[in-house]
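*Asks:* Go ahead and model the full structure; you've got the sequences and the hints to work with.
Quick note, the sequences are listed as chains U and B, same order. Mapping of the first sequence onto our numbering: position 157 corresponds to residue 464, and the numbering continues sequentially without gaps. Mapping of the second sequence onto our numbering: position 46 corresponds to residue 445, and the numbering continues sequentially without gaps.
I should point out that these hints are in silico values taken from the structure, not numbers from a laboratory. Just so you know, these numbers come straight off a predicted model, no measurement behind them. Take these hints with a grain of salt, some might be off.
[To be verified] Computed cross-link-like contacts, DSSO-like style, restricted to lysine-lysine with a CA-CA straight-line distance of at most 27 Å: (1) B/Lys496 / U/Lys433; (2) U/Lys413 / U/Lys433; (3) B/Lys411 / B/Lys477; (4) U/Lys433 / B/Lys502; (5) U/Lys453 / B/Lys477.
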Amino acid sequence: MRDNFDEYRRKLLKQSISASTLAMVAASGLMIPRVLLAHWPQDAFNAETLEDAILTFLGEAEEVNEETIQFTIGSPPTYAVNGASVPVEISSSLENIERVALLVEKNPFPLAMALEPTSAFSFPFKTMLKVAEDSEIIAMVRADGKLYRTSRYVEIDIGGCA
Amino acid sequence: MTTKTRDRIRAKLLDGNTLIRILLSHPMHTGRGKNEQEELIPAEFIQDIRCWRNQEEVLTVKCGTATSRNPYFAFQLKGGEVGDTISLRWVDNLGGKGTTETKVV
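*Replies:* Printed below as a string of structure tokens:
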């Protein structure tokens with residue numbers, strides 16, 4: 308009888324310990340799936356050099372300097388008074404576009420914006436970017452397994468990376 | 400965690416294509432800016448924007464911190480008709496969300 312009781316007590320203790328450990332783990336957030344961040348390519352956006360950002364986001368492919376991407380930046384072009392909102396416009400005659408990336412070379416994190424268009428999408432695409440200082444702005448398009456790259460230089464009066 | 404926003408979206412037919420213009424209302428803090436007390440403002444920026452036309456997904460935009468405050472986007476969709484529903488959802492790095500919807504005119 309005495310042994311039996313001990314065994315029972317042992318089992319109860321064990322169970323309650325494991326249950327409370329589980330509860331602690333769950334509460335600490337370790338088990339919460341990071342669904343929220345899963346869709347955002349964190350490595351690419353946190354890359355601090357241009358090459359890393361390009362490689363992580365667009366992958367390796369033959370790089371072609373192309374005239375098929377039309378690309379203007381700043382207003383008037385190549386010059387922007389306020390780096391906090393530099394207008395950018397891209398258009399391209401390429402077909403089967405898988406990804407488009409906009410990169411600012413001198414920004415702390417070069418990858419600024421990435422598009423994943425579908426077949427219904429068509430250019431031109433316009434947006435505004437923050438640019439920290441005078442820098443090369445690069446537009447890259449991945450289409451049919453090839454990388455197309457164009458760049459423009461822009462002068463900034465007031466840096467806009469705050 | 401839905402933030403009250405004044406996101407704007409306009410869609411209109413232009414030479415057979417649909418022209419869409421989007422203006423979201425978001426502070427887009429990069430995590431490097433400082434407030435009046437010289438304290439760092441924590442990062443808060445839109446990461447993911449998705450756009451649908453009549454339940455068909457047409458564009459995904461992933462944003463880094465280098466997107467301007469109150470982000471503006473303009474692009475076109477091939478084809479389209481008057482009355483098509485264009486809807487949009489965005490998610491920021493803190494889990495804030497917003498949706499907005501319009502009809503093509």
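*Asks:* Please go over all the hints and tell whether each is borne out by the structure.
*Replies:* Verification of the hints:
Among the hinted pairs, B/Lys496 with U/Lys433 is consistent with the structure: their alpha-carbon atoms are about 23 Å apart, no more than 27 Å. This hinted pair checks out: U/Lys413 and U/Lys433 have alpha carbons roughly 21 Å apart, not beyond 27 Å. The straight-line distance between the Cα atoms of B/Lys411 and B/Lys477 is roughly 12 Å, inside the 27 Å bound, and the hint therefore holds. Restraint check for U/Lys433 and B/Lys502: the C-alpha separation of about 21 Å stays at or below 27 Å, so the hint holds.
With a CA separation close to 23 Å, the supplied pair U/Lys453 and B/Lys477 stays within the 27 Å bound.
When each numbered hint is compared with the structure, no violation occurs for any of them.
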